[in-house]
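Protein chains: 2
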Amino acid sequence: MFGLTILGNNSAVPAFGRHPTSQAVSYEDQVFLVDCGEGTQLQLARYKIKRNKINHIFISHLHGDHYFGLIGLLTSLGLMGREHDLTVYGPSLLENIIMMQLEAAGTQLKFKLNFVKLTEGGMIFSGTKMEVLCFPVKHRIPCFGFVFREKKLPRKLLPEEAKRLEIPANFFHHLQLGEDYHSPGGILIKNERVTTANTPGRIYAYSADTIYDESLSSIFANANLLYHESTYLHEMEDRARERFHTTARQAAAIAAKSGVKKLLLGHFSSKYETLDPFLHEATAFFPNTDLAIEGVTYRII
Amino acid sequence: MFGLTILGNNSAVPAFGRHPTSQAVSYEDQVFLVDCGEGTQLQLARYKIKRNKINHIFISHLHGDHYFGLIGLLTSLGLMGREHDLTVYGPSLLENIIMMQLEAAGTQLKFKLNFVKLTEGGMIFSGTKMEVLCFPVKHRIPCFGFVFREKKLPRKLLPEEAKRLEIPANFFHHLQLGEDYHSPGGILIKNERVTTANTPGRIYAYSADTIYDESLSSIFANANLLYHESTYLHEMEDRARERFHTTARQAAAIAAKSGVKKLLLGHFSSKYETLDPFLHEATAFFPNTDLAIEGVTYRII
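As they're listed, the protein sequences go chains G and B.
So in numbering that gives the first Met the number 0, spot 79 of the first sequence is number 78, and the numbers just go up one at a time.
So in numbering that gives the first Met the number 0, spot 297 of the second sequence is number 296, and the numbers just go up one at a time.
Hints in this document: simulated from the structure, not taken from any laboratory.
Some hints could be false.
Any copy will do: because identical chains look the same in the list, a pair fits if it lies in one copy or spans two.
To be verified - Below, a list of computed lysine-lysine pairs in the PhoX-like style, where the Cα atoms sit at most 25 Å apart:
| # | residue 1 | residue 2 |
| --- | --- | --- |
| 1 | 128 | 151 |
| 2 | 109 | 47 |
| 3 | 270 | 109 |
| 4 | 109 | 189 |
| 5 | 52 | 151 |
| 6 | 52 | 270 |
| 7 | 162 | 137 |
| 8 | 128 | 150 |
| 9 | 270 | 49 |
| 10 | 270 | 47 |
Quantities reported herein were computed from a predicted structural model and do not represent experimental measurements.
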């Protein structure tokens with residue numbers, strides 16, 4: 000399963016029961032945490048996401064509603080006896096802020112805590128089946144969005160057929176890469192006989208906090224799911240620009256321009272008690288839109 | 000009204016719906032915040048305590064369950080447009096930790112934020128009707144408890160009698176201090192005729208996190224209400240000592256020794272799902288004991 004669970008969908012000051020930004024990206028048995036606003040450890044417990052499955056935490060920027068919960072989560076992981084490594088990706092000052100607080104508390108973590116400083120766009124994580132890229136966005140302070148990209152080999156093996164033709168199992172990986180097979184007896188087996196074209200890897204893109212920026216459409220291109228901030232409604236477009244945020248209508252426009260399959264709106268301003276107007280405004284421009292609702296898991300398909 | 004509202008009663012890792020330590024001490028229309036664990040700003044909203052009435056925040060020590068919510072609260076106060084001064088009393092490193100995070104976010108508070116570093120015991124705040132003292136306790140890192148002491152003048156005025164005897168109103172303050180009145184005509188009016196002895200000021204004492212320490216009984220002496228940590232039950236006394244914490248039985252013993260009127264137990268370990276055993280254990284040694292329950296206001300009488 001490749002899914003996204005919303006732990007917080009609000010901006011800045013918590014309001015109307017909504018929490019600050021945090022999301023859990025699940026892929027098979029791994030959990031990647033994206034941003035970590037105050038109270039995230041409680042939200043993880045509430046929605047039964049196992050904290051110990053989180054090995055990578057991505058922090059977009061150092062506005063508090065995106066990271067004030069990180070120190071509490073790390074401290075709790077330590078108190079609960081975690082021993083395996085954890086890597087935090089974030090802006091350069093983050094490591095100092097965290098280390099200063101751990102030292103002030105006399106906390107000695109039993110697990111290795113690595114920091115990766117985000118300074119420019121590019122690949123920041125590459126696992127066996129998933130890779131993560133970051134890209135800079137335009138906000139009031141340095142800020143990065145993230146793209147989660149499922150890794151797939153170009154060809155999909157037809158194992159029964161490959162076995163029937165007596166291709167050894169240790170050559171299967173080469174078949175998935177598109178190579179032909181030459182048997183010891185000198186027979187050529189064309190790749191197309193034992194593989195089919197693979198479906199492309201699925202993509203989840205997270206805009207972080209950003210001003211409306213059409214140039215991001217090349218980064219979001221073909222994403223199966225785009226989570227785009229929509230702090231304000233169209234009526235507050237000036238305010239959005241001034242605060243380097245986006246409106247629901249603008250989020251829909253960028254989704255349309257990027258050719259994504261589905262748009263998820265979030266990071267709602269505390270001004271708004273009800274969220275339906277966001278959905279109403281965006282669907283007029285991009286029909287396949289949903290509101291990011293806390294506790295809900297959106298499948299990336 | 001002099002009261003104490005519990006915003007969080009748990010230690011370390013949040014558990015069983017219990018939040019980390021924070022308390023609001025209300026006196027007339029002022030609110031003093033004592034400790035500020037993660038999520039305190041949400042708890043203040045939940046229990047309808049007006050954040051803007053808080054002008055003084057007291058942080059006992061730099062274990063996260065006592066202060067990780069401070070940066071979020073300060074940031075939110077800034078975003079909500081607060082303009083009046085706020086003073087934070089805490090260990091020396093606290094100011095650096097907070098300032099570093101405000102700077103990383105590019106936050107410019109519109110209100111003046113003062114820090115008072117706690118380094119030794121003594122009076123740290125003196126208002127017109129309330130004074131606050133801090134005292135060092137023995138914990139794994141530097142840690143301070145607090146005493147809130149209602150200020151009262153020694154004598155209580157009998158205003159009707161004072162008026163009948165034609166004592167001018169601008170002398171009333173002297174009467175409350177115990178002075179006699181000499182009229183312009185040379186008549187002596189003894190203080191006892193127009194005043195009665197005042198009741199002593201009420202006291203609330205907060206133990207913070209501490210190992211069992213009998214020497215604190217002189218500080219807690221005669222408190223109307225003592226909140227004492229009781230992280231563990233008696234069965235874990237060794238663990239309590241090792242972690243510089245107290246058991247429920249020990250909290251009751253110190254309450255009895257100090258001659259306090261009432262004991263409130265809190266800072267429960269996340270090991271315990273139910274809290275009744277704490278009450279049961281303590282009341283055997285000090286009957287007037289209550290559990291500190293989140294959202295409940297305890298009157299200091």
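The hints, checked one at a time:
no.	hint	verdict
1	128 x 151	within (7 Å within a copy, 70 Å between copies)
2	109 x 47	within (24 Å within a copy, 39 Å between copies)
3	270 x 109	between (42 Å within a copy, 20 Å between copies)
4	109 x 189	neither (52 Å within a copy, 71 Å between copies)
5	52 x 151	within (22 Å within a copy, 57 Å between copies)
6	52 x 270	between (35 Å within a copy, 22 Å between copies)
7	162 x 137	neither (53 Å within a copy, 71 Å between copies)
8	128 x 150	within (5 Å within a copy, 67 Å between copies)
9	270 x 49	between (32 Å within a copy, 18 Å between copies)
10	270 x 47	between (29 Å within a copy, 19 Å between copies)
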